[in-house]
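Undergrad: Each chain, written out:
Protein chains: 2
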Amino acid sequence: MKRIKVCMFDVYGTLFDVYSLQELCESFFPGKGGDIVRLWRQKQLEYSFLRHMMQQYETFHAITEAALRYACESMGEELRREQEQQLMGQYLHLSLHPDALELLARCEGKVMAVFSNGSPDMLLPLLQHAGITGLFQHHISVDALKMYKPDPRVYEFARSTAGVDKDEILFFSSNTWDISGAGHFGFRTVWVNRNGGKMDRLGVQPEYEVASLREAAAFL
Amino acid sequence: MKRIKVCMFDVYGTLFDVYSLQELCESFFPGKGGDIVRLWRQKQLEYSFLRHMMQQYETFHAITEAALRYACESMGEELRREQEQQLMGQYLHLSLHPDALELLARCEGKVMAVFSNGSPDMLLPLLQHAGITGLFQHHISVDALKMYKPDPRVYEFARSTAGVDKDEILFFSSNTWDISGAGHFGFRTVWVNRNGGKMDRLGVQPEYEVASLREAAAFL
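Heads up: the protein sequence lines correspond to chains A and B, in order. 16 is the number that full-length UniProt numbering gives to position 16 of the first sequence; each next residue is one higher, with no gaps. 118 is the number that full-length UniProt numbering gives to position 118 of the second sequence; each next residue is one higher, with no gaps.
Because the hints were derived from the structure by calculation, they are not lab data. Yeah, the Cβ is synthetic: ideal placement off N, Cα and C, and Gly gets one too. Careful: at least some of the hints might be erroneous.
Interface residues of chain B toward chain A, partial, derived using beta-carbon atoms under 7 Å [stated by the list, open to error]:
id, residue
1, M54
2, Q55
3, Y70
4, E73
5, G76
Cut-off 25 Å, straight-line C-alpha distance, at most; resulting in silico cross-link-like pairs (DSS-like, lysine-lysine) [what the hints assert, rightly or not]:
id, chain 1, residue 1, chain 2, residue 2
6, B, K166, A, K198
7, B, K166, B, K146
8, B, K146, A, K32
Covered stretches of chain B (chain A as the covering partner; in silico rule of three or more C-beta atoms under 8 Å from a C-beta of chain A) [to be verified]:
id, region
9, 37 to 50
10, 201 to 211
Could you build all of it, start to finish, from the sequences and the hints given here?
TA: Have a look at this one:
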């Protein structure tokens, strides 16, 4: 088996906690913050898959905003403009998962990349605010292709950007559909399963499964 | 505006009630039947989108089975082989929505088609058991293309099978993602919103929205 040359990380859910928006959301919509944040995330992903399939690409920023509006409307809440601006602004200040921070601190000297559905206008400020931009040699967004994961063409784009063979990439994601897409394409994969979920039945298994990125240090 | 020449119906959710599986599911998994059926349906759709995106097509039958297994596993239930066979068998005997039956009875003489993600091995027995096969001139399954809705190529396939222009087709669906895909492609659309849901924010609105197919008779 070839040596791992690049550690590549998914961003939303894997390095950053998308549910760290819950507190702000709860302050706007008391008693519904958790439900709205979960529906927001679910629709954000669904809209990325569907817009891709419909050949109607919009940036992850636009999709995230549409999903937020849908989530509030669907939960019977009026979303005021300043609330929307604050919630969207908070997406640039998500909390890093503590185990992600620990792992990244131990990775100095490795070739590392982030590879995200996030458009650069969301992705780059997020990394900047967390102070981790410089840890990564490559900041790869699907936006360059106007396509979304898990289309194999975007994994190929990430591979060619990293400039190595597909099986020289160790790809970390907490998202089962992302692990499935990366695995079908040929990346080696680590599923970060923090909540004891079940792997989706999409025809491929992760090479490794960890409950925390702390455990992942062993693979580097 | 052109005259409607073909009335085209989505099948699962639109004509047939996918939640009519709940009773059998509840008898196997007391207290969890509703949750399992909802998760089963959600994963069935998600797997169709994801397998399409990953260029890893499998039939709707295979996807439906995988989604059922995931749903039971995820809910902490063991699915025995005979339970799986019964639940999958029940998918060929879903209940027709009463309003669908009423509308179809009034449509005699119109050119009608079904257009479904279902593979023929699921779709045709379902129509047969409900005794409605002969009402439709066209029984169109995406399986011929090994692609899923809402890819525009499958709507084009349905259009060419029907042999009319896209804006001569009135397409009925209860699924918002299907209405979005059909609308972007250029079909005229009727969203069957039986449960007072909100339309997804995917860049297109249905031409008509009805709470029941009974109301739809006016458009024929």
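Undergrad: Are the hints correct? Go through all of them and say.
TA: Hints, one by one, checked against the model:
The restraint placing B:M54 at the interface with chain A holds, with a minimum CB-CB distance near 5 Å, inside the 7 Å limit. Because the beta carbon of B:Q55 sits about 6 Å from the nearest beta carbon in chain A, less than 7 Å, this interface hint is met. Among the interface hints, the one on B:Y70 holds; its C-beta lies about 5 Å from the nearest C-beta in chain A, closer than the 7 Å criterion. With a least beta-carbon distance of about 5 Å to chain A, the hint placing B:E73 at the interface is held under the 7 Å criterion.
Hint status for B:G76 relative to chain A: violated, with the closest Cβ pair at about 10 Å, above 7 Å. A threshold of 25 Å between alpha carbons decides the hint, and for B:K166 with A:K198 the separation of about 42 Å lies outside it, so the pair is violated. Taken as a hint, the B:K166 and B:K146 pair is honoured in the structure, with Cα atoms around 21 Å apart against an allowance of 25 Å. Note on B:K146 and A:K32: the hinted pairing is violated, with a Cα-Cα distance of about 40 Å set against a maximum of 25 Å.
Only when three residues or more bring their CB closer than 8 Å to a CB of chain A does the claim for the region 37 to 50 of chain B stand; here the count is 5, and the claim holds. Judged by the Cβ-Cβ criterion of 8 Å, the region 201 to 211 of chain B is covered by chain A as claimed, because 3 of its residues qualify and three suffice.
In this structure, the earlier hints numbered 5, 6, 8 are contradicted, and the remaining ones agree with it.
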